[in-house]
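S.K.: At position 75 of the sequence shown (counting the first as 1) the number is 749 in my numbering, and the numbers step up by one without a gap.
FYI, nobody ran anything at the bench for these hints, they're computed from the structure.
Label pairs and their calculated CB-CB ranges:
1. His1087 / Glu1555: 56 to 62 angstroms
2. Leu877 / Asp1075: 43 to 49 angstroms
3. Asn1017 / Ala1070: 48 to 54 angstroms
Please read these numbers as outputs of a predicted model, since none were measured by experiment.
The beta-carbon is built from N, C-alpha and C at its ideal position, and this holds for glycine as well.
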Amino acid sequence: MELGSGSSALGALRAFATSCCPQSERKTGGGCCADALALAMSPPPASDEFAHEVAATFVFADEMKTVRQLQSKCKEGRELVNVIYCSRSCARAFPPGVVADEAAPNKMKQYHHAIFAVLQPQMEKIKQLNEYCAQAVVLLSDNIQRTTVHENMTRVIPDVMMDALVDIMDVILQLNHLHDSKSSLRNDFSVFKRVFLHIKDDLPDAETIEKDIARLQEFMGSSYQAKGAVWDSLRHNLTNVKRYEQVTYLLLRHCVNHIENDTCTTPSSRFKYIRALSYLMAVLEGSDVWKKTNTLPGADKKVIEAVRKASSCQADCSISFAASRECKSTCETFLPRLMHTLNSTTNREHTQEQNDTLYEVLVDGIAHLCKWKSNFLLFMAWKYQNPKTSEKLREAGIPMDSPLLEYERVTKHNYSDEEWQAMADIIYGVKSVVQILRGFQSKLAKCVRRTVYQHIQVFIQHTLLPILHRADKRKLACTKLIHDIRAMNGDWIDSELLVSDFKKKHKERKYSQIPDRTASPSLCQIQMLRTAIDSVYARRSMGDLNAKSSTSSVLFSFKKDLDSSDAETLQEFYHKAGAFPVLLDLSATLSELADFSGLWFREQYLELAKSVQIPAEISLPWLLIEHSLDGAFTSVEPVLAILDAYNDAGKCSLHELHQQHLYDEIEAEGKLCFDHFVFLLAERVYLHYKSLAAKDACREWSDHGSASGRNLPVKSAAGAAVAKLNPALLSLNKALDSEEEDSKYESVLTQRHVSIFGRNYDLTFQLEQRVDALLRKDLEGWFTKFEASDATCYVAMLDILNVLKKTHSSLSNFRLDGFDDIFEEINDESLECLLESSLSLDGPIQSRVHEQISQTIRTDLCQHFSLKFDNWLFTRMPLHEALMLTVGDQFAHEECLRKAKQHRLSRGSIFRTKLGNSAAVKAAKYGALEKTITGTHRTFFGEPHVQALCKLLPRRELVDVANDCIEFAVTKIEDVLALCIPALGSTIPPFRLPRFMYRTEGCYGYFEGKFKHLLDSDELEAQIFHCFREIGNALMFLLVLGTVLNVSAIQSNATQQSANSTERLPSLFQCALERIDSMLKRSEIAFEWEAGPDSQPEKMPNASSFYHVWCALEFLSCNRPRGGGDYSLDQGESLSLREMFGDGVQLAGCTLVHLLGQRTLYDLWNVSQHVINVRHYEDVKATSEAQVTLVSNSKKSRHKGELPNVQTTVGTLDQEMEDKAARFVVNAREMGATSKQIFHTLELAWPSGPRPAATFTPPQFTPPVNTLSSPLAAQYHR
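The task is simple: from the sequences and hints, build the whole structure.
M.R.: In structure tokens, the structure reads:
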């Protein structure tokens, strides 16, 4: 077949090319710069380029005109869909009806006129919907009928025509759904009708309006009528078309082919085909031919099966899980590949190979995005179609009286945790890929234009050449069409090749050179090219379905004559070229793929719930954000991706729906959710880093405890405590080692900009404010707990401050206030500086820590703890019953305060929708760590607490605390003991130390009788010993504090060689002894309590001598309390007064004895030591007698008149007295050992100097009377 250069198609093409781009200005070389042509990012739409079709005398020019008409109608219909979807009922917002009033008869008419004016725009929407549906149905039916006429039965129906028919049908179906579901239209229409009846006499065009109402009444119907009036009208018109079954089948086959073969089909196009399938199948199954044979003559059974499968496809959660897993795995492999390709082509001039590689990566990325987004929307549609049933809601315990239950069925209660996570994974994957592609969009646009140009020209000038050669050689009917394809789309350097190259043989053939250009064809040219190629190999004519006329097609019967390889080549390029429009309009494609605005829109459920707005806490985007924050994500970026859905919804409401009120609602909810997102994120960031700091503290504590357990002997108190904690240490170490520390929030610390509705927010700044507030709140909470706790919480307070300080340092990327500044502000130190600089106050202002420590030392440690002097530990003991009213347990309410404060600080958020999530679990883990940290030193008070105290307070405040303790002890001696000691001494009768012959029980009973009137009441007994305990505990605290300060000073000055290193500064304990000694001398208490060298209990020159009273008190302290109360340890052993009040009583008494210089008299006339000596004598005697008896039993008595054994003890005692004496001896021995340690400590701190020599005259011994009648006298006589 000959085609000359003067053909009309070629001439028109040359004229058009010359007018657009003169030949003289075109570069023909292959080195054309990629930036030679500055093109827009998005090409003009195909509907604006109709001149190309006319200029090239396209064979389907008539069909293309019809396509443009259908496309224009589709655009109008989509705008109407948006208007109807966004319309809301105005009738519900009207105020209640006005009651007729004779005084104001026009008031009712004014009310009706106002309603009529408001509802008129709503009626215009209904009229527009009615008119459009009627026009669209007629237009679609007419065009289908036009394809079935006899003249067109042999012409192939172009694919663009099929697409246009599917588009208009999809719009009609959407309007049909809105017509059935929008109850607001019917409500407004019914109100409009009623109002019109009241005011029609006042309207000039009442007749026209009445006719419109009658016509709209037929269109709107009523709520009792069947749904689907628009669809019924369409189906009725279609079934009236002759041979409509064949067109319907062709449309079905067209939809199935695009669903199965197009890899880069956007979700909107894909679901357009899916929505049309079920309706087209319903039309086909309603035909008479189908009802008879259950099939269609000439139809492919595979297509029918695919249609049924696609139309009845039910998405389930497995689709979402599979898409989520695929999205994760693909992102892990595709994103590195994409970034490597983009970074490897950074040069402005890159090779064609690099360009092709980048194009392939882009095509794969768009295909992945289309697939992920389609699966996501399909899953969402299935969830909306299958809400949670009432039975399952009742089983879950969900109340059924919620006004928004219908919306909660499909959102809040319709997803599992795995489904929430799968949805978030897909959103994050899509947003991540789109963000990267948008960052390189200009580079990708040039790559796409260059590659599309190359692919089309290679296909036109090289691939089609052998196909055209074989068609021309065989005189096929498609030869002219293939030649026109080359003429319309080829960029020929030598135009003569277009006429002659296909006539040459393979050996003589010479392929033309293809220039390198960044100028792709327009969308209209690509559309015409794909249509022409599809018409060459596709069988889509009406004659193809008619067995009789299947061979009557002259133009399109050449497929059988084409080689199978040629048809496959054409089909392959057709499908590959289907991605060209999507890639050329890359900006619009990425915008559609990244658009998740559908998560927010819920207009249908507003009408179902009859609510003005959906609360933010059950909004689907917020539910996704909340579950993502609580989910197992390793970063926060997925949450930011979900938050971007509000931007998508806002953009859609303004630029697509053109509804300002929707944007206002979206903006309000989006900003509220962003604020709450930042609030929750700040809580989680703060909790995360606080947990890490707590773990480090627990590791240090466990390592220290393990080391201490290895170094300390088990028999010591500290070693026993560590040994007892070893199982806890092992479990804690195992838990800390097994738990991995993630880096979930590291990226948040550097996140600067988050765009919300066009405004950039500094996320780091937002988090800084809230984290700073949380840190202050945490510090304030612990200060409150500290002020409500006892003296054992110093270590806990210091450990928590270290944890919070480390948390603050971990958040160094945040511009937080300095931790020391925050601590000083909460500790009222800054207030102290301000007040001291502005006011002249009588006394100094104490910080909160200083005031609490000073108070707890005096009111808790000195009053409620018992001292164990051998290991310098204080333990809390039960308070004496007589002291409950006067002293009281001032910290009994500590647990109540702690629980109340904890409840107030950990109050849940108003947006919380479920409990038991990962954040709650992490908070519980931190609570366990915090309990471990703060509960290590709460059972005693000792050196660790004093060390913590020294770190909590500066040196100046430590001196103030020491002065308070010294003043406390001095006041107790001066105000209490100065009055009590003389009174107690006056009640002690004279006595002599009993002889050893009275045994331990007799001596103990003798002194018990002498001292029974010393403390004649339980209250007096408790008050006296309690006073001594307060003094002793205060002195012991000063001793420990001074020791700790000296050790720290030595450690800090260990590397410094001082010239005055031999000089020793006085300790706090020495200062306390000096203050007490000066007070005793100044107040003449020492003179009142003095005792002469010849003082003895039998003849006391001064009954107020302190040693005399103290010896009696020591004796009483080794006994049980006077009242015999139930004071016992956990093992059930009864407590003595000494064990109840502790060694602080002994320390106070020994200190006064030492300062008064009565140590010698104390040692000489110590009645407790006398009982111990008697017991020791008995033990030695019993041992010696046992040895003598053992020897004498082996021999017989040699003297018959030998006298019996001589009795060396007097009297017999009952078992109770023996038990009391035995307990007394045990307590007295422990007291004696403690007294030796105390006096040794006092001697080191306050040497007593050389003692003056004293002469003691023993009493006269009077021998017993010689009475031979008694065995003892007889022995004495002999």
